[in-house]
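**Student:** The residues making up each chain are set out below.
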Amino acid sequence: MAAEANVDARQAKGQRSLGELLRIVLGPLGQVLLFIIGSAVVLGLIVIIFALLLSSSNPQILQTTLAILPQVIIDGIVRGFLFATIALGYTMVYGVLEFINFAHGEIFMVGGFVGAAFGYTLTSMGIIDGFPPLLFVVIAIALGMLVSGLLAMTTERVAYRPLRNAPRLVPLISAIGMSLVLQDLVRLIATNTPLGFNARFETPSFGPALQLATMPIGDRDIPVTISIKAVIFIVASLLMLLALNYLVNATRLGKAIRATAQDRSTASLMGIDVNQIIALTFLIGGALGGAAGVLFGMNIGTVNPYMGFIPGLKAFTAAVLGGIGNITGAMVGGIVLGFLEAFVASYLSIFTAGAFSGASYADIAAFSILILILIFRPSGLLGEATTQKV
Amino acid sequence: MAMSRTSASPPPSGGWDRIGAMLLGGPTGYGFMVLYAAITSALLLGNNRTSLFTDIVFIFFLLFALLVYRAKVVLPFKLLMGVLTFGVVLPYFGTLNPFYIDVATQAGIYVALALGLNVVVGFAGLLDLGFVAFYAVGAYLWAIVSTPQITNIFPSLGPVPAGWFYVFILLGLVVGGGFGVLLGLPVLRLRGDYLAIVTLGLGEVIRVLAVNLDKPVNITNGAQGIKDIERPPIPFEAALLEATGLDQNALYQLFFYFLVLLLVLITVFVVRRLKVSRIGRAWTAIREDETAAIAQGIPLVRMKLLAFAVGSSFAGAMGVVFAAKQLFINPPTFDLLRSISILSMVILGGLGNIPGVVLGAILVTLLNLMILPRVATVLRQMQDSGVPIPEAFDPTQYQRLLFGLLLIVMMIFRPEGILPEDRRRQELHEDEPEIVDEGGDGKEVQASA
Numbered sequence: 001m002a003a004e005a006n007v008d009a010r011q012a013k014g015q016r017s018l019g020e021l022l023r024i025v026l027g028p029l030g031q032v033l034l035f036i037i038g039s040a041v042v043l044g045l046i047v048i049i050f051a052l053l054l055s056s057s058n059p060q061i062l063q064t065t066l067a068i069l070p071q072v073i074i075d076g077i078v079r080g081f082l083f084a085t086i087a088l089g090y091t092m093v094y095g096v097l098e099f100i101n102f103a104h105g106e107i108f109m110v111g112g113f114v115g116a117a118f119g120y121t122l123t124s125m126g127i128i129d130g131f132p133p134l135l136f137v138v139i140a141i142a143l144g145m146l147v148s149g150l151l152a153m154t155t156e157r158v159a160y161r162p163l164r165n166a167p168r169l170v171p172l173i174s175a176i177g178m179s180l181v182l183q184d185l186v187r188l189i190a191t192n193t194p195l196g197f198n199a200r201f202e203t204p205s206f207g208p209a210l211q212l213a214t215m216p217i218g219d220r221d222i223p224v225t226i227s228i229k230a231v232i233f234i235v236a237s238l239l240m241l242l243a244l245n246y247l248v249n250a251t252r253l254g255k256a257i258r259a260t261a262q263d264r265s266t267a268s269l270m271g272i273d274v275n276q277i278i279a280l281t282f283l284i285g286g287a288l289g290g291a292a293g294v295l296f297g298m299n300i301g302t303v304n305p306y307m308g309f310i311p312g313l314k315a316f317t318a319a320v321l322g323g324i325g326n327i328t329g330a331m332v333g334g335i336v337l338g339f340l341e342a343f344v345a346s347y348l349s350i351f352t353a354g355a356f357s358g359a360s361y362a363d364i365a366a367f368s369i370l371i372l373i374l375i376f377r378p379s380g381l382l383g384e385a386t387t388q389k390v
Numbered sequence: 001m002a003m004s005r006t007s008a009s010p011p012p013s014g015g016w017d018r019i020g021a022m023l024l025g026g027p028t029g030y031g032f033m034v035l036y037a038a039i040t041s042a043l044l045l046g047n048n049r050t051s052l053f054t055d056i057v058f059i060f061f062l063l064f065a066l067l068v069y070r071a072k073v074v075l076p077f078k079l080l081m082g083v084l085t086f087g088v089v090l091p092y093f094g095t096l097n098p099f100y101i102d103v104a105t106q107a108g109i110y111v112a113l114a115l116g117l118n119v120v121v122g123f124a125g126l127l128d129l130g131f132v133a134f135y136a137v138g139a140y141l142w143a144i145v146s147t148p149q150i151t152n153i154f155p156s157l158g159p160v161p162a163g164w165f166y167v168f169i170l171l172g173l174v175v176g177g178g179f180g181v182l183l184g185l186p187v188l189r190l191r192g193d194y195l196a197i198v199t200l201g202l203g204e205v206i207r208v209l210a211v212n213l214d215k216p217v218n219i220t221n222g223a224q225g226i227k228d229i230e231r232p233p234i235p236f237e238a239a240l241l242e243a244t245g246l247d248q249n250a251l252y253q254l255f256f257y258f259l260v261l262l263l264v265l266i267t268v269f270v271v272r273r274l275k276v277s278r279i280g281r282a283w284t285a286i287r288e289d290e291t292a293a294i295a296q297g298i299p300l301v302r303m304k305l306l307a308f309a310v311g312s313s314f315a316g317a318m319g320v321v322f323a324a325k326q327l328f329i330n331p332p333t334f335d336l337l338r339s340i341s342i343l344s345m346v347i348l349g350g351l352g353n354i355p356g357v358v359l360g361a362i363l364v365t366l367l368n369l370m371i372l373p374r375v376a377t378v379l380r381q382m383q384d385s386g387v388p389i390p391e392a393f394d395p396t397q398y399q400r401l402l403f404g405l406l407l408i409v410m411m412i413f414r415p416e417g418i419l420p421e422d423r424r425r426q427e428l429h430e431d432e433p434e435i436v437d438e439g440g441d442g443k444e445v446q447a448s449a
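Line order of the protein sequences matches chains A and B.
If you're matching positions, the first sequence starts at 1 in the working numbering and goes up one per residue.
If you're matching positions, the second sequence starts at 1 in the working numbering and goes up one per residue.
Pulled out of the complex, with its shape left as it was, chain A reads as follows (with noise of 0.2 Å):
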């Protein structure tokens, strides 16, 4: 029986050609390119028509805003891609249990501390200037998954897998309590290290940014650059999208999560060991939360035990926006989500001549839009429409 299953499956493997694996992985890579198009040259034409619009009052407004909107652009595409790894936890977590893991921010922040752990401790023996920066970037995040991946799964077991058939917001609510603990036991252990509140995250010298171009102000050029490390965020949570979609879409046990995901109960009777998917899924979620931490530490430089809060709620807002429980769909809108950030952080206070400051007004945007998506779209932008069983 079982030779006869794995010839099955071998032959259901066999016949799916390369090109519809190819489709299958790629697809969404472009649905995701073609958001952060679309998001940038709309967003874009706004800021235009309004600065044109406040032109006549102000006629220094427009260069401005021409000058500063590649550099805006580049700050949505970084922003965008740390909501979309962040958001990809909740959304994998949501597709199999419709369960909000409220401490996932958490599990992002100590893959942060991780990854800061591992750069002071090069840096006390003193060979982290000559590491190569590469095989930095690879240990950190490994060991940032590893152990970000591990504390999810332990808290699914402790916290979460006692209240499985609990009403809803039984579960919620030991979730909440879960981030609060996570935030003050990693603060314990970091100001009774020499990490402190504040953790350096120490990384060898990546050189200098890019500059891909400079723009024209007044009598000034202003550089458009993206730092190393901003490059490295991109290209390692693409690569993180591929691997995802790949092992949901591709694998065996791809199918297994998504069979959990339809109907616990059937999945079971189909010889799926369902505690153990939902064990693998917070492990693959929570992984992907601790790369992000690792990146989004590397590229700010500091650490501290309460970062992950306001990131996990921006990132939950993206999982809605782009239709929760739907992976292409969290990275989605953690790009568009990104680029609004980035939009409002930077020109609301040049539209309103300093009178809002743009940075804490972008977080009042997210949650205008996390409310805008649930009342008008609760599908978000790529989900289905679901009736709520009853």
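Calculated directly from the structure, the hints in this document are not laboratory data.
All values reported here derive from a predicted model rather than from experimental measurement.
Ideal Cβ positions, reconstructed from N, Cα and C, are used throughout, including at glycine.
Each hint should be verified, as a subset may be incorrect.
[What the hints assert, rightly or not] Cβ-to-Cβ under 7 Å is the rule here; a few derived chain A residues that face chain B:
| id | residue |
| --- | --- |
| 1 | Ser174 |
| 2 | Leu180 |
| 3 | Asp184 |
| 4 | Ser360 |
| 5 | Asp363 |
| 6 | Phe367 |
| 7 | Leu374 |
[As the list claims (entries may be wrong)] Across the chosen pairs, the derived CB separations fall in these ranges:
| id | chain 1 | residue 1 | chain 2 | residue 2 | range |
| --- | --- | --- | --- | --- | --- |
| 8 | B | Ser277 | A | Ser57 | 46 to 52 Å |
| 9 | B | Gln383 | A | Arg220 | 26 to 32 Å |
| 10 | B | Leu80 | A | Ile375 | 38 to 44 Å |
| 11 | A | Asn58 | B | Pro299 | 47 to 53 Å |
| 12 | B | Phe258 | A | Val42 | 57 to 63 Å |
[Claimed, not checked] Over 10 Å on every C-beta distance to chain A, these chain B residues come out as not near it, computed from the model:
| id | residue |
| --- | --- |
| 13 | Leu173 |
| 14 | Asn212 |
| 15 | Arg338 |
| 16 | Val378 |
| 17 | Phe393 |
Following the hints, complete the assembly by docking chain B onto the known chain A.
**Tutor:** Leaving out everything else, chain B in the frame of chain A:
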């Protein structure tokens, strides 16, 4: 209502229930109440130094409120005992040791807030993680109108006279409720877990606005907060000062204590009446099964909105009192942790059950204000004498850890809270008979350990 149900229930299953029934009702009930009040009062008044022992006695003293609420004795006796302990003994003790009366006042404020949140979470089953936003709205309302801050917004207006405070308590009620409706209107259509996230986001938005609304027009004075908030005038202040021989600050402490006590009593009364009203039953129906509730003809969104409005109006009114008592408010006072701590109170005590929520609010507040600082002192002493305790560990700074653990442990082992509501307990242990269920829980724990 709850009492009659308890007494009507079939033979008490455990020894505890039997002891409880004996102590609460009948002739022993009177004796127990008098004894309890006498012992705690004597211990309190006999030793008015601030110490761990006094803390513990003080907790037991405050818990007398529950006994008064639950005991099956005639109403006049209840009132007499309540007035004697909370109207005479506690204020007198407050003049001996001002720290404790302040703690009692804060506990009272939290009791009212937790009762408000209980209407939203416990009665209607809507998880609101941004509850403190409405408290902030009330606090900023009084802070802005009673200071020159108002002149920044409306140049023609000056600060209102302090006597308007009493009007503004009512206005806080209205404004808090109005904000509740305003924020609730777009989000109440959402399913439970989405609602939780959105209210959390809205709570953060209010805090971010409080930090940032100092430009272009200075409304909230930004991160510095508003100071020199006006205190309300005390009626017959001169006569009272002369009669009691206290200084003005001590008199204000007593005044706020009585004011909060009065507001708590009103809140308990209103919430109790609401719970057994048609509206309260509609909330219960919505909480237990939305679809069935709609089928019964309950206007879902209107009822949810009402729960939101009632809960947030309590918070708005208490915000006004808080601002007047504290004399200074700033945005960090109204952060997410505050919302979570109020939620912990409701969950710890028992969702939906009024005495339970009062108990939870008292326990959590006292834990926060008295026990944690006390433990911190003890730890520091141990550290000085050479016990290896990490230097950076200060229990008062680890409230998140505490509340987080509290939430997880309560959810896993006793989701219905310390003093559960009967109906709620049945809801949460729907599947199996209770005893079997507890056994199952135990096994689960062993397996996970």
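**Student:** Looking back at the numbered hints, which does the structure fail to meet, lowest number first?
**Tutor:** Hints 8, 9, 10, 14 and 17 contradicted; others consistent.
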